[in-house]
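Undergrad: Residue-level listing of the chains:
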Amino acid sequence: MAHQSDLIAEDIAAYLKTQEQKQILRFITCGSVDDGKSTLIGRLLWDSKMVFEDQLAALEVDSKKVGTQGEEIDYALLLDGLQAEREQGITIDVAYRYFSTDKRKFIVADTPGHEQYTRNMVTGASTAEVAIILIDARKGVLTQSRRHSYLTSLVGIRKIVLAINKMDLVDYAEDRYQEIIAEYKEFAAELGFEEICCIPISALKGDNIIKASERTPWYQGPTLMHHLEHVEITDNALSKPFRMRVQWVNRPNLDFRGFSGTIASGIVKPGDTVVVPSSGQTSKVARIVTMDGDLEEAVAGQAITITLEDEIDISRGDMLCCPEKRPSFADQFEAHVVWMHEDALLPGRSYLIKAGSATAPAQVSALKHKVNVNTLQREPGKTLELNEVGICNISLTKPISFDPYQENRSTGNFILIDRFTNATVGAGMIDFALRRATNIHWQSIDINKQSRAEMNDQQPKVLWFTGLSGAGKSTIANLVEKKLHSLGKRTYLLDGDNVRHGLNRDLGFTDADRVENIRRIAETARLFVDAGMIVLTSFISPFKSERRLARELLEEGEFVEIFVNTPLEICEVRDPKGLYKKARAGELPNFTGIDSDYEPPENPEIEVEAGTRSADDIAEEIVAKII
Amino acid sequence: MKIEMTHLRQLEAESIHIIREVAAEFENPVMLYSIGKDSAVMLHLAKKAFYPSKIPFPLMHVDTTWKFREMIEFREKMRKEYDFDLLVYTNQEGASQGINPFDHGSALYTDIMKTEGLKQGLDKYKFDAAFGGARRDEEKSRAKERIFSFRSENHRWDPKSQRPELWNLYNAKVKPGESIRSFPLSNWTELDIWQYIYLEEIPIVPLYYAKVRPVVERDGMLILIDDDRIKLAPGEEAQMKSVRFRTLGCYPLTAAVESDAATLPEIIQEMLLTRTSERQGRLIDHDSAGSMEKKKQEGYF
Ligand SMILES: Nc1nc2c(ncn2[C@@H]2O[C@H](COP(=O)(O)OP(=O)(O)O)[C@@H](O)[C@H]2O)c(=O)[nH]1
Ligand SMILES: [Mg+2]
Chain Z
1 MAHQSDLIAE DIAAYLKTQE QKQILRFITC GSVDDGKSTL IGRLLWDSKM VFEDQLAALE
61 VDSKKVGTQG EEIDYALLLD GLQAEREQGI TIDVAYRYFS TDKRKFIVAD TPGHEQYTRN
121 MVTGASTAEV AIILIDARKG VLTQSRRHSY LTSLVGIRKI VLAINKMDLV DYAEDRYQEI
181 IAEYKEFAAE LGFEEICCIP ISALKGDNII KASERTPWYQ GPTLMHHLEH VEITDNALSK
241 PFRMRVQWVN RPNLDFRGFS GTIASGIVKP GDTVVVPSSG QTSKVARIVT MDGDLEEAVA
301 GQAITITLED EIDISRGDML CCPEKRPSFA DQFEAHVVWM HEDALLPGRS YLIKAGSATA
361 PAQVSALKHK VNVNTLQREP GKTLELNEVG ICNISLTKPI SFDPYQENRS TGNFILIDRF
421 TNATVGAGMI DFALRRATNI HWQSIDINKQ SRAEMNDQQP KVLWFTGLSG AGKSTIANLV
481 EKKLHSLGKR TYLLDGDNVR HGLNRDLGFT DADRVENIRR IAETARLFVD AGMIVLTSFI
541 SPFKSERRLA RELLEEGEFV EIFVNTPLEI CEVRDPKGLY KKARAGELPN FTGIDSDYEP
601 PENPEIEVEA GTRSADDIAE EIVAKII
Chain U
1 MKIEMTHLRQ LEAESIHIIR EVAAEFENPV MLYSIGKDSA VMLHLAKKAF YPSKIPFPLM
61 HVDTTWKFRE MIEFREKMRK EYDFDLLVYT NQEGASQGIN PFDHGSALYT DIMKTEGLKQ
121 GLDKYKFDAA FGGARRDEEK SRAKERIFSF RSENHRWDPK SQRPELWNLY NAKVKPGESI
181 RSFPLSNWTE LDIWQYIYLE EIPIVPLYYA KVRPVVERDG MLILIDDDRI KLAPGEEAQM
241 KSVRFRTLGC YPLTAAVESD AATLPEIIQE MLLTRTSERQ GRLIDHDSAG SMEKKKQEGY
301 F
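Taken in sequence, the protein lines are chains Z and U.
Numbering-wise (our numbering), the first sequence opens with residue 1 and increments by one.
Numbering-wise (our numbering), the second sequence opens with residue 1 and increments by one.
Treat the hints as calculated values from the structure; they're not laboratory data.
Treat the hints with caution; some may be incorrect.
As a list, the in silico DSS-like pairs of lysine-lysine whose alpha-carbon atoms are at most 25 Å apart [to be verified]:
no., chain 1, residue 1, chain 2, residue 2
1, U, K173, Z, K269
2, U, K48, Z, K284
3, U, K144, Z, K269
4, Z, K398, U, K48
5, U, K48, Z, K17
6, Z, K284, Z, K269
7, Z, K103, Z, K211
Some chain Z residues close to chain U (C-beta under 7 Å, calculated; not the full set) [as the list claims (entries may be wrong)]:
no., residue
8, T123
9, N250
10, I312
11, R316
12, H336
13, M340
14, Y351
15, K354
Note that CB positions come from ideal geometry on N, CA and C, so glycine has one too.
With the hints as extra help, turn the sequences into a complete structure.
TA: In structure tokens, the structure reads:
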């Protein structure tokens, strides 16, 4: 029996004391349609007395009306809640169920086994510590079992229960059971599970659910309930470095400034030094404040308010961290992304990312490959469709603090939100920070962009010239720079010559290399702007997404997109470097305007028609507009 | 070293996280305060979430004018003791038309005074987020409710297009007019609520404790004679019985249970040893299969 009725009846106070030590276990049940997920959970609720008499009466009526068990009770009906799914006889979304025994409180994520499976399963599994993978004993290990197992491992679940269900339909045969678990363990070897506990069950008849079944005398292991009550909940979040994302700045009056949040990992005590990666500033914890009094120590999972000894600049989205083991602080990372929406993921499109309390515009700068969730094979792809999993490079408009998901489940996750519909369209698990700054922590700097700009007596900005090859970008940019120089402005021109031969000499002309080329140029331009300079760049930069990337690296008003609009025919006639001729002859594949697209800017700050007017005229006009 | 959080502390921390997230993300949130035990826990958690600051949003009680008298007394007492802003909203049009549960039936009455009243109240103050104390274990259709539940401009809930909710990341983006209902107690069960009230010594309306009260038996339910608006039909008679309530709402629609449980441990004891769910005491749930799901789509909490 799940609850100690005697103690409850005799000494409720003593019973309540024992209840104060209970813990929560969250688990998910995975299986294909009709493997028995709903029946199993219904059974667990039933046997742990979470079903009340009025619900039972309703269940009996329902069982006769829509049940699949004839006169017997259909436990699945306890779960399949919404009318639509009852009528269709399928579960359509993620549902959460609760039951408890004297040892633990359980939260079960119940997810349906059909098309939307990946989305729903990843959602349900995201908070689970244990996954029960159901296998129909008659069918054995199926493609779907592989998929469930892969997704389980992807979201970081390390403990598996392999429940071989419907043993009643294979005469409780041990050899069938052994055959299935041998096959399963072989393919699961590569998935990195810590523990696979195999149990032969019948969800319908109740074998090995609560009580050891007499019909499987050959099975010596625990019952499912016993295992769920005792499986160790690896609380390794405690042994990880301290991390807390600030959710809310607590300022009741001028004398109190606290930072409220939930500890993602580790332990914190008054006197501990903490660092804020976004500014590089450190301070010591003064107090850990709660309504129940100040704490001597707080651990992962607790929702607290911290005050610091020094006044440092901290706002929502910042992370307080252990200074010896800092998180990554970067604006680019590689991640596994699960797509959750009918509208496919488009690389280059701007989404909102939400990682803990930090939110920022972000885009997928590259979809490196997809993972076929059935075969685990890599597959190429340009977009990510609903229920697909892809490995992506993601770039943000501002850096955030995070850890790789495999190292820290709480600080390595994020969701993507569509900026127009506000739908949650994707979920991600960060693999690692990209290129810049994995280990370069930001120093707090007193001399900043503004002070440098003031010294230079100018508004730093980037004049980003874009247009076809031969449109006149470099000619005009050169003239603009000369004019600015003579006005006493500090400038720098980035173009193919000084970039391709140095900084970017390792890059070719594939799509990926082009994106990287522009990314480096944009970053370089940003550094120059930070240094207080006016930067001119002159590159074809044919794709909107990359130009947007450059724009989003800079602050409002710093990015001036100048579209040098010269018709293709004129460029081709000019053909200063003979490139069009070569491209037409097929000697230069992927040449912009010929066999690769040029996406004209929609709202450039400045557009100049450079087919007929003189370059000097145009340069004059541009200077007038920006000074 | 191993420091484990117990289930109540974990639930508490997760709820505080949700409450803070709403306060930080929305411009104009409100906490719907129904005065019942779940609201009492939610209010307590909100105090904890922002301590030492005041709760940074108002509470709103949608008063149908048919609440138990003791609920209103308790509300006023809490308003004085706790330092929060309280808005009380009543659907005036419905009230002046005299819409009541006896003459108009529970369905129409609930629709006008409760569902409609709630929508009017939310519209009046242009709230973009509203906390509710609903739990997923209360009713089947709630089991798939999100913690941040999106509502269209006319407050409708669409169970088929809910936003997926992963980890503890809640999507708080809405367009003008749209809103989010947030349920910080989603993962609590009735037992958790009682254990927490016991552990934290949270004040609750005395109606939850058994006492000898005047009741009348009607359609197999015990209805409290809370004031003289309830008229006894021929054959009905007032009886004095030791009763208590497992859930509180409008007195004509809320059934009492016979009980001697006059302390919290006794209530919990009784709950663990009986086998009926708390919703049985709510008359509106019995109307038809999936009635709660329909109500929710229309904007009922
Ligand atoms: N014989 C037998 N039937 C089962 C067992 N478990 C589930 N079923 C039946 O399989 C069908 C599908 O079960 P259900 O729980 O709805 O599966 P779900 O789609 O995974 O939720 C129902 O008819 C169940 O009664 C079992 O252990 N033995
Ligand atoms: Mg099912």
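Undergrad: Confirm or reject each hint.
TA: Structure-based check of each hint:
| no. | hint | result |
| --- | --- | --- |
| 1 | K173/U to K269/Z | violated (35 Å) |
| 2 | K48/U to K284/Z | holds (24 Å) |
| 3 | K144/U to K269/Z | violated (38 Å) |
| 4 | K398/Z to K48/U | violated (32 Å) |
| 5 | K48/U to K17/Z | holds (23 Å) |
| 6 | K284/Z to K269/Z | holds (10 Å) |
| 7 | K103/Z to K211/Z | holds (16 Å) |
| 8 | T123 | holds (5 Å) |
| 9 | N250 | holds (5 Å) |
| 10 | I312 | violated (19 Å) |
| 11 | R316 | holds (6 Å) |
| 12 | H336 | violated (13 Å) |
| 13 | M340 | holds (5 Å) |
| 14 | Y351 | violated (11 Å) |
| 15 | K354 | holds (6 Å) |
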